[in-house]
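Peer 1: One line per chain: the protein sequences are A and B, in this order.
Read in our numbering, the first sequence has 98 at position 44, and its numbers run on one by one without any break.
Read in our numbering, the second sequence has 243 at position 189, and its numbers run on one by one without any break.
Simulated from the structure, these hints should not be mistaken for laboratory data.
Wrong hints could be hidden among the right ones.
Where chains are identical, the list cannot tell them apart; a pair therefore holds if satisfied intra-copy or between any two copies.
[What the hints assert, rightly or not] Below, a list of computed lysine to any residue pairs in the SDA-like style, where the Cα atoms sit at most 25 Å apart: (1) Lys228 to Ser254; (2) Lys176 to Glu66; (3) Lys250 to Thr104; (4) Lys228 to Gly264; (5) Lys209 to Asp151; (6) Lys176 to Ala73.
Number of protein chains: 2
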Amino acid sequence: MENCVFSDVYSEFFPFWGALSESDRATLCRSSVLMKYPRGTNIHDGSECTGVILVRSGCLRVYMLSDEGKEITLYRLYAGEICILSASCVLNSITFDVFVDAEEESECCIVGGCAFADISAKVAEVKIFALETTVGRFSDVMWVMQQILFMSMDKRLAIFLLDESAKTGSDTVKLTHEQIAKYMGSAREVVTRMLKYFASEGIVEVSRKGIAILDKPKLRKLV
Amino acid sequence: MENCVFSDVYSEFFPFWGALSESDRATLCRSSVLMKYPRGTNIHDGSECTGVILVRSGCLRVYMLSDEGKEITLYRLYAGEICILSASCVLNSITFDVFVDAEEESECCIVGGCAFADISAKVAEVKIFALETTVGRFSDVMWVMQQILFMSMDKRLAIFLLDESAKTGSDTVKLTHEQIAKYMGSAREVVTRMLKYFASEGIVEVSRKGIAILDKPKLRKLV
Chain A
55 MENCVFSDVY SEFFPFWGAL SESDRATLCR SSVLMKYPRG TNIHDGSECT GVILVRSGCL
115 RVYMLSDEGK EITLYRLYAG EICILSASCV LNSITFDVFV DAEEESECCI VGGCAFADIS
175 AKVAEVKIFA LETTVGRFSD VMWVMQQILF MSMDKRLAIF LLDESAKTGS DTVKLTHEQI
235 AKYMGSAREV VTRMLKYFAS EGIVEVSRKG IAILDKPKLR KLV
Chain B
55 MENCVFSDVY SEFFPFWGAL SESDRATLCR SSVLMKYPRG TNIHDGSECT GVILVRSGCL
115 RVYMLSDEGK EITLYRLYAG EICILSASCV LNSITFDVFV DAEEESECCI VGGCAFADIS
175 AKVAEVKIFA LETTVGRFSD VMWVMQQILF MSMDKRLAIF LLDESAKTGS DTVKLTHEQI
235 AKYMGSAREV VTRMLKYFAS EGIVEVSRKG IAILDKPKLR KLV
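Model the full structure from these sequences, guided by the hints.
Peer 2: Encoded structure:
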């Protein structure tokens with residue numbers, strides 16, 4: 055056990071760590087790897103059980119892929135967060151596939167799915183942790199679904215621009231229409247058309263430098 | 055205990071029943087009601103913790119509702135199935151609201167949310183049951199979302215496989231998933247996933263040699 059480089063990290067981020075036997079801890083450590091992914095790497099493509107991913111630094115994006123390669127972002131994971139949907143062998147009741155990319159350069163601990171599944175089958179605390187993490191993501195996905203299915207596009211784009219502006223602390227959103235479309239699960243043409251409409255209303259100004267928000271109150275009124 | 059009209063039903067449909075103490079069983083029975091809903095009744099409107107619903111007969115429809123009254127059906131529950139999303143007080147990680155209607159005349163046992171939550175907090179088997187039931191519904195919801203987003207992919211892939219088979223005069227399509235994706239203007243991951251679905255339905259068999267069409271009539275029915 056004293057050799058396990060993972061045990062400090064796991065004892066901090068896995069609430070079940072204290073409930074495990076020495077031998078189970080050793081098993082989880084032995085089946086773990088530390089990975090560094092350059093920005094843009096596909097980490098999990100839904101086809102196999104990649105394992106339980108614990109993000110140490112960076113940002114992972116979890117998404118669905120449509121028939122034309124259209125992506126719907128479900129949620130993002132930051133340092134200290136855990137991806138369990140990439141370990142399909144752990145949860146039998148999960149019958150869908152998601153994709154996971156490193157959105158920034160990211161460092162992750164990956165626990166082998168089989169080892170995690172074995173221990174989850176015998177230690178209730180581990181199983182409850184895996185299930186609770188998944189149920190939390192269910193809420194995220196329902197939120198996205200509401201955004202996509204129920205909200206009109208002008209409202210969604212307004213929310214996106216306000217969110218981006220708040221996140222970056224700038225009134226200029228430096229993303230291409232393509233990128234915005236990807237983040238919103240929409241098509242570039244739709245974003246371009248809607249931005250043109252916003253510009254004609256004096257809400258934004260679109261240039262090579264990005265999308266400058268000119269009239270925040272008006273944008274907020276759309277939300 | 056001998057007076058509890060619910061205990062026969064619960065011992066059949068709650069896998070954790072055997073793990074409960076006499077007193078916990080009595081608590082669940084005492085906080086239960088048997089309800090008969092005419093077709094079309096709204097049973098749960100998302101605003102409070104209605105309780106855990108066990109369907110005895112009939113059919114419940116679980117759906118989302120937009121501000122403008124637009125509905126999206128998430129799934130249906132039949133006799134013997136359990137609705138846990140109507141007991142928001144049981145699962146803290148659930149932060150969204152769903153609506154539940156009786157789609158047909160339905161008879162249900164409803165366990166009070168507080169009683170269920172109390173016991174779920176102290177008995178791991180109950181908590182695991184509540185979480186697993188919820189995670190199973192997560193898969194249903196993802197399926198709905200995929201249907202909406204990936205609508206015609208199964209149809210398109212079926213047409214492609216039948217065309218290829220007719221063109222080559224063979225029941226085995228000797229193309230990689232990558233090649234098929236390219237021909238169809240889709241992504242490899244999407245083709246792989248849909249082939250996996252076809253395989254699970256017994257329509258094709260995927261191997262190194264290619265994609266063997268096992269059930270042509272079933273494939274044709276998709277078109």
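Peer 1: The structure should be examined with respect to each hint, and the outcome stated for every one.
Peer 2: Evaluated hints:
no., hint, verdict
1, Lys228 to Ser254, "within (20 Å within a copy, 44 Å between copies)"
2, Lys176 to Glu66, "both (22 Å within a copy, 24 Å between copies)"
3, Lys250 to Thr104, "between (39 Å within a copy, 17 Å between copies)"
4, Lys228 to Gly264, "within (5 Å within a copy, 45 Å between copies)"
5, Lys209 to Asp151, "between (29 Å within a copy, 19 Å between copies)"
6, Lys176 to Ala73, "both (11 Å within a copy, 16 Å between copies)"
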